[in-house]
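Participant: Since chain A is already given, all that's left is putting chain B on it; use the hints.
Residue strings, one per chain:
2 protein chains.
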Amino acid sequence: MKNRRSFLKKVAAGTFAAGFFPFSKQASAGEVKLTGALIHHVFFWLKEPANQSHKKKLIDALNDLLKVETIKMSHIGIPAGTESRDVVDHSYSVSYMVMFDNQAGQDKYQVHPLHLKFVEENSYLWKKVVVYDSIDQ
Amino acid sequence: MKNRRSFLKKVAAGTFAAGFFPFSKQASAGEVKLTGALIHHVFFWLKEPANQSHKKKLIDALNDLLKVETIKMSHIGIPAGTESRDVVDHSYSVSYMVMFDNQAGQDKYQVHPLHLKFVEENSYLWKKVVVYDSIDQ
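Sequence lines, in order, name chains A and B. Residue numbers for the first sequence, in the UniProt record's numbering: 1 to 137. Residue numbers for the second sequence, in the UniProt record's numbering: 1 to 137.
Since the hints were made in silico from the structure, they are not lab data. Treat the hints with care, as some may be off.
[As the list claims (entries may be wrong)] Simulated crosslink set (DMTMM-like; lysine to aspartate or glutamate; CA at most 20 angstroms straight-line):
(1) Lys33(A) / Glu69(B)
(2) Lys47(A) / Asp86(B)
(3) Lys108(A) / Asp86(B)
(4) Lys47(A) / Glu121(A)
Chain A extracted, bound-state conformation (with noise of 0.2 angstroms):
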C-alpha cells in the first residue's frame, strides 16, 4: 500500500490538495474534522444489481447530478470489501454522498432541474433507496 497516495492527494482539484496537504500533515489523527456541514448520503439498491450497465447508467447520472452549485464535496461509490460484519451492510449497489454548506442548500438541490430530471429518468433502475441527512452535533 505503500505507493497508494493519499486520497487527500488525490482530490481531484490538485490545487487542493497541493495547498493543504502540508499542513494536515502537521496535525495528527482526526486531520480533518469537518463542521458546519449537511451531510445527503443515498444508497441505492438496484432492481437488477448484476446488471453493470444499469450500474453505469446510474453512476453516469450521479456524476452529471454533481453539476448542481449547491454541493460542495462528494463521492460516489460502491461497497467496500471490508469485513463482513452483523452491522455493515454490503448490500447496496451505488452510494452518493454530497455536503452542502447548510439546508437551505440541500433543499435547492432537491428542487433543481437537474435533480428532478435525474429521478425522472433514472429511478426505474432501482428498488429501494436509503437517505440520511446529517449535521454537526
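Facilitator: Chain B only, in chain A's frame:
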C-alpha cells in the same frame, strides 16, 4: 444563511481552508470530488434516544476515537431537519463518518485498542448500529 461561513472554511484545521478555498471557488459545482478514499459511515440508534447524557457520552467517545491514526477526515452528526420523505431515515441518534486512505487503514482501525475500548465502554448505549463502507466506483 448569508452570514454562515462555508463549512469548507470552517474545517477544523484553519490552515486547510486558507490554502484550499481560493482554488475551490474557481471550480464550478461539485467542487471537491473525493477519490481514493474508503468512507466508513456509521449510524447509531440509542436505547434511550431522549437521554441527552447518553447522547453526549456517545458523541464524546466518538470524538476521542478520532485519535486513531489512520482516520484522515471525519464528521460527527445528528439527523438534519430536512424534509420528511419516505426514503429519508431521520430515526437514528448519532452519525459518525470517517474516511481512510484505503482498506488497510480501515482494517487497522477495527482492531485498534482505542476502537476496541470504545465498543467495550459504550455499546450498552445503543440498540442498533448500521455501517456502510464505500470505496470509489
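Participant: Does each hint fit the structure? Answer for all of them.
Facilitator: Checked hints:
{"no.": "1", "hint": "Lys33(A) / Glu69(B)", "in the structure": "holds (13 angstroms)"}
{"no.": "2", "hint": "Lys47(A) / Asp86(B)", "in the structure": "holds (18 angstroms)"}
{"no.": "3", "hint": "Lys108(A) / Asp86(B)", "in the structure": "holds (19 angstroms)"}
{"no.": "4", "hint": "Lys47(A) / Glu121(A)", "in the structure": "holds (15 angstroms)"}
The structure agrees with every numbered hint stated previously.
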